[in-house]
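Based on the hints, put chain B in the right spot on chain A.
There are 2 protein chains.
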Amino acid sequence: MQTKVAIIGYGNIGKAVEQAVESAEDMQLCGIFHHNDNLDAIEADVAVLCTPTREVPVYAEKLLLRGVCTVDSFDIHGQIYDLRQRLTPFACQHKAVSVIAAGWDPGSDSVVRALLQAIAPKGITYTNFGPGRSMGHTVAAKAIPGVKDALSMTIPLGTGIHRRMVYVELEEGASFSTVERLLLEDDYFAHDETHVVQVDSIDVLNNVAHGVNLTRSGVSGCTHNQRFEFNMAINNPALTGQVLVAVARAAMRMQKEERYGAFTMIEIPPIYLLPGDEEKLIRSLV
Amino acid sequence: MQTKVAIIGYGNIGKAVEQAVESAEDMQLCGIFHHNDNLDAIEADVAVLCTPTREVPVYAEKLLLRGVCTVDSFDIHGQIYDLRQRLTPFACQHKAVSVIAAGWDPGSDSVVRALLQAIAPKGITYTNFGPGRSMGHTVAAKAIPGVKDALSMTIPLGTGIHRRMVYVELEEGASFSTVERLLLEDDYFAHDETHVVQVDSIDVLNNVAHGVNLTRSGVSGCTHNQRFEFNMAINNPALTGQVLVAVARAAMRMQKEERYGAFTMIEIPPIYLLPGDEEKLIRSLV
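Residue numbers (the working numbering), protein chains in the order written: chain A, 21 to 306; chain B, 21 to 306.
Honestly, the hints are just simulated from the structure, not real lab data. Here the structure is a predicted model, which is why all the values come from computation and not from measurement. Among the hints, erroneous ones may be present.
Same chains, same label: a pair holds when it works inside one copy or across any pair of copies.
[Stated by the list, open to error] Straight-line Cα separation of at most 25 Å, DMTMM-like style, residue types lysine to aspartate or glutamate; simulated pairs:
1. K300 - D102
2. K300 - E249
3. K82 - D60
4. K142 - E45
5. K142 - E298
6. K142 - D206
7. K162 - E213
8. K142 - D297
9. K142 - E299
Chain A with its partners taken away, still in its complex shape (with noise of 0.2 Å):
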């Protein structure tokens, strides 16, 4: 029997899983609902939270306390943990999972980067971001006065160190000086390499590829320089969607085990994320 999954929310995001769902034989999209829609008329199994982040965990509250799963990409580092502590009364008190941050970063980078310290215990790992769309950034150079459009891109230097590659439209009359001086006097940028960057157009310059270089040097056991490489180059919002119905299908097999609450994605065994069985999946995979 097919999953029955809703989108709540149809940006980049809600479209990519839309792509996922219906191209996964084990399941099958019962809605889309667009951000403000009413959702008592959802009737799915999970529901894949596709809003702003910000607003994550009210619909997840409002979803898990009808008994409906969800899964979402909530991406805000330091209030993951507390999204999970406030979302587990309600997915455990309805027999429901809510599986929390679960896009590229956080999600799958957090699965390798619990793989690897696992087994190289003592060691830094660096996440490099990019070259990539910083939503963040993005946004907070557009608010900046004088900016009718911007782009934010990370460029990765190694060691967790990123430059801030910042485009920006003016609108008319605008100075480009003053613009490049309240930005990089800006919270956003200020702690960063940062160069602006005067451009016609926005529209002609916007990607959405994006990517990973995640690397730790390590010890296992008492033996140093163990030495591990983690590098993608993807289609940021493809990626997203795609993990996103990778984790409502985990999601399912928690609950039907039973298994209540509200996990990330190094609480989840990875086999749960992949369709089809078992056996064939050990037998290829191991």
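Same frame as chain A, now just chain B:
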């Protein structure tokens, strides 16, 4: 309270496990049993099997029968699922947990393969091994008449294709051309590009370095060209020993949760591999 760990078998891997146990604050070494020792005296929560891989099933059964959890790095890829099925009833009946095939391949690489298949479901994963010593091929080379000692190195050529560089030290009077012909005809070598090199001493070539380059190009939703790569350059027994200690910890956790049975690493939540406070782990890794 510390987990009491016994080590069964004291070769390269057993010694590496000893080091990994000694550097783990939550574990306590309670005995090292050499191959063929009597195991009746064993008083452990979990036994780490570092015997030759073919002897793993019998040792695991014996220990599970007595309620002792077991972990191993059984590495015959085609027989892992069968071992899981064989050990499951022993583990379940005696309220124990067995984690099998837990080295780096099978093992941590399997987790990466499962994760990448989940987040880009269509596509091809290539696992490229080395450069590093292949145990199986080295044993096969040593069995050729006229060979005093040998070392077979696995060299990755990409797309899962490997070259074998076989170094041989000959017995006095042996003919290199005969040894080379017999070796190239051997089933272990007949299917790969193989080069045989005569050397004066194998001893000076030996090195436990190994590596992996694992790649996947796949499709997330309907978006192609999602690229992933996992690399490592490691000390082979040290990494295997550390993985075994991590899964020993996970076995204890599964037993505590009354989830008895035999499991591969892709069936275990990654956070179970790690010591320490759950909140701290989630806050630092997710």
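Violated constraints from the hint list, given by number and in increasing order: As far as the earlier hints go, only 6 is violated by this structure.
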